[in-house]
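Chains as they are written, first to last, in this note's numbering: chain V, 145 to 802; chain H, 508 to 830.
Be a bit skeptical, because a hint or two may be false.
[Claimed, not checked] So the derived list for chain H, only partly shown, Cβ under 7 Å to chain V, looks like this:
| no. | residue |
| --- | --- |
| 1 | Trp-552 |
| 2 | Ile-572 |
| 3 | Gly-575 |
| 4 | Tyr-576 |
| 5 | Phe-580 |
| 6 | Arg-626 |
| 7 | Leu-680 |
| 8 | His-795 |
The hints are simulated quantities; they were obtained by calculation from the structure and are not laboratory data.
Cβ atoms here follow ideal geometry from the backbone N, Cα and C, with glycine treated the same way.
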Amino acid sequence: MPKALLRNTLSSQHMYWLLASLALILAIHAPNLPIWVTASCGLFGAWRYFAVKQLLLMPNRWLLMLLSLLVGAAVLLSFKGQFGRDASLSLLVLMTVLKLLETRVIRDYVFMVMLAYFLIGNLFLFNQSMLTFALSIPPLILLTATLIHASLKSPQNWQFLLKLASKMLLQSVPVMLILFVLFPRIPGPLWGIPQDAYSGMTGLGDNLKFGNISNLTLNTSVAFRVQFKGNMPTNNQLYWRGPVLWHQNGNEWLMPSKRIGLRNEILATTGAVFDYTITLEPHNRNWLLLLDMPTLAPAGGNFTHDYSAVSNQPVRKRIRYTASSYPSYQLGVALGEREQVLSLQLTEGENPRAFELVKSWQSLSPEQKINKALQMFREQPFIYTLRPPILRENPIDEFLFNTKRGFCEHYATSFVYLMRATGVPARIVTGYQGGELNPNGNYLIVRQSDAHAWAEVWLQGRGWVRVDPTAAVSPERIEHGISEALRDSSELPLLARGDFPLLKKAFFNFDSINNSWNQWVLGYDDKKQLEFLNQLTGKKLGLSDLVFWMTGAIVLVMLATSYFLFRQVKAKLNPAQQLYQQYLRKLKRVNLQPTTGEGALNFASRAAQLLPSYQQQILQIASSYNALQYSEQSSDGVQPDMLKQLENLIMQLNIKKP
Amino acid sequence: MASASLFKPRYFTADYWKRWFRVASSHDNVATLNPRQIYILPTRWGVLYAFMLILLLVGSINYSISLGYYVTFLLASLGNIAMLHTWRNLVHLQVTILPANPVFAGDAVQMQLQIADTRNRARYAIAAQFESNSIVTEDIAANSSQTFLAPLQTQQRGWQKLPRIKLHTEFPLMLFHAWAYVDCSQQVLVYPKPSANNIAPPISNTGQTGGKNHVARGDEDFDGHKTYQIGDAPSRVDWKASSKGIGMLSKQYSGNGSAILYLDWAETSGLAFEERISQLTRWVVDAHTAQQHFGLRLPHLTLPPNNSEAHYHEALKALALLD
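All chains should be built: construct the whole structure from the sequences, respecting the hints.
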């Protein structure tokens, strides 16, 4: 690199720009970093700042090496040796800021800018919301301005730098859009992904313990969105089927082990069908939620023997699938021997009072037993609450006979427990119930707070029948959703509540936009890309078409951009000059042009000689123009009149070719 | 053999490949950089930037991050736009090479380059250099010209052809290096390097004492008239001329009141050819500094004594071109 551009020392201005850019990036990254990392970065940054101010010395090489080692060790300790996404970001940020402490020359400075660009890209590893997108723009502008600053010879003011940086980024947008839409998307991952990459995802677990679902209920993040084609089910039909739990072990209910190889239950459907498309948020598990009862598993997934749909890969990015479900169905009319054993299993020697209770039901039919249990929930003072008391020994007894306060998981588990105790095969189904209709987007939002658990009992001749004991305690939960069901809505997070209509409305508006954002920007993957382009062109496009169109579009856009960049910007003409140009164009038509340096009057007298019939007009125009150009603009009032006069004169000049 | 000449060492010299570049040639010492003469390549920062973009792209693919693609593509496009900006920062500049004053061999000439914008846009951080000389960087305001004082190191006396000028810029992002060459037909005169030997000229006396070859006739060479000034000796007044009614005139003689020095080529015999020139140059410079009259006698040229600025340069030019 030529020496002149490698000016070795940096001015304090340079350092301020760099420090400001890094501070901004660090601030936006702060939620992704442990507090101690942000704090030490702030400290190192402040050190560099005071070094610019010449109040502190820069650390020498040994101190810097010691600091790097310390920081590296601290990261290892802080993340307990797990070197995943979070730890690498922390290390990268710390090392970048430490590098600041040895940045003295332009070379290090530019290197820092490159690192900082990279850090902006890393933002989206953590969060891809619209807000993060918006937040990424100011640091991009600031960093680009910082880089421009380094290339300049004489310092320019900050307006110049920011303006040029913004302008260049704006000019980059068209090609960025082309690349975004047409650059062939390659389905990831290319290699293993750190374990903690999906740590933020929430959703249903594969077991049920007291407190699992009520914790989930506090989370208002969206679980999935559903768009119905045609008819929509009523709220009490909206049972979104997740994992089915068979095995009771004390406080905990589990799925049956895959190894026992149960036969697939047989499903028979009748009546109306609902067609819908689900956009499932990533939850790092395999469940694909479907409305009871689906007939076909979505692509890339299949059914378990008890008809919950699972994908082949954990759902780690937003996926879309379409399905059809029948609200009236018969499932597993024939109950195998092993299924029977499994669906009656209970740990022995627990909850004696429950067994005591069901003793009196022995003579009843299974239907009557169900009604008996539901009647108990309905008639005794059971309360539906998100904050049930903690249950320890014999939890079912505790709940049924003492506390009587519980959430859907309490009702579902104790109901299934009672059924099994009295000899009726039963199992727990977890999933979601209900959903909110977004009036703007005509789709249903199902949140984590809609998580639910219900029961299925097996009845002779009818198969597995859904029984929701929560409905007996709190019919509102099923008819109208969770916010209606809870007496004290302050137990719920703001957005899940019904008592803030304006907030809710704002949220719906936001969610419509967010939904489009998710579908079109974040969910734009290899499949969506081809789907979109096929729809757009009406043809089936392949990878080579994609590359062809991308290259073509970029070339066109670059040509257009080059035209605007390279064309000569004319000096701005004042109104009189603009009018004069019109006049010159008129004369040009009869091959009369002023020579270089020929003034208006000289040219006019030459033209007048050649065009005697227009002599007076031409001379008048020239003198009027001259008066406007060279007379002192004493008062504003005069000029518009004179301009108008000149304009009229020029309008009236119609030179006919001889 | 024809093919053998291809492998002559000169093809492998560092500068040989540079001959293949298009060069803006100057007419009447004015050259305009047209688009075909601009070259552009990524700098090492450009390469680093591209490497960073590849990392971002691979990361975006691996983690399926849509907004990672956005940053990657925006920055890639920014690099592309930066290339256009760098290119347009240099194109259509007009370079005028102003005539340079001669210097002594070994010194640097401060060549004045007037570089002007012809496209109504300001240019930033334009660097100019005579090849293998140091670089000057300046900004140029829209529609105006800026003087670049580009140093040019000289080595040998005589007419030196100007090496080609390289103009380059990395504005605005330093990711690309755009450059262009300007050839100029101008030559710069380089005077011989004055000898460091502090040998006094053979005779540097005042007044009448005449040396063997040096004729110091201070009062004898009639040189012309000057207006009488108080203090002029009456004997010097040209009464005859003064009587014509144009005021009092004094006669002026060369070497008036000071030594007349004849610097003779023959005096330096015994030294090598270049050293003789160098030694004479030294004497010329010394005489000029002392404002002495001196004459110069070279093998094919004799300059009569004088102490004017023009005479001084004439003497140096004669020495520079002596062969």
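Structure-based check of all given hints:
1. Trp-552: Because about 5 Å separates H:Trp-552 from the closest Cβ in chain V, which is inside the 7 Å limit, the hint holds.
2. Ile-572: The hint holds - H:Ile-572 has a Cβ within 7 Å of chain V, the shortest such distance being about 5 Å.
3. Gly-575: holds, 5 Å
4. Tyr-576: Hint holds; H:Tyr-576 Cβ to chain V Cβ min 6 Å, cut 7 Å.
5. Phe-580: Status holds, d = 4 Å.
6. Arg-626: Check passed: Cβ of H:Arg-626 comes within 5 Å of chain V, closer than 7 Å.
7. Leu-680: Holds. Min distance 5 Å.
8. His-795: violated, 36 Å
Checked against the numbered hints given earlier, this structure breaks only hint 8.
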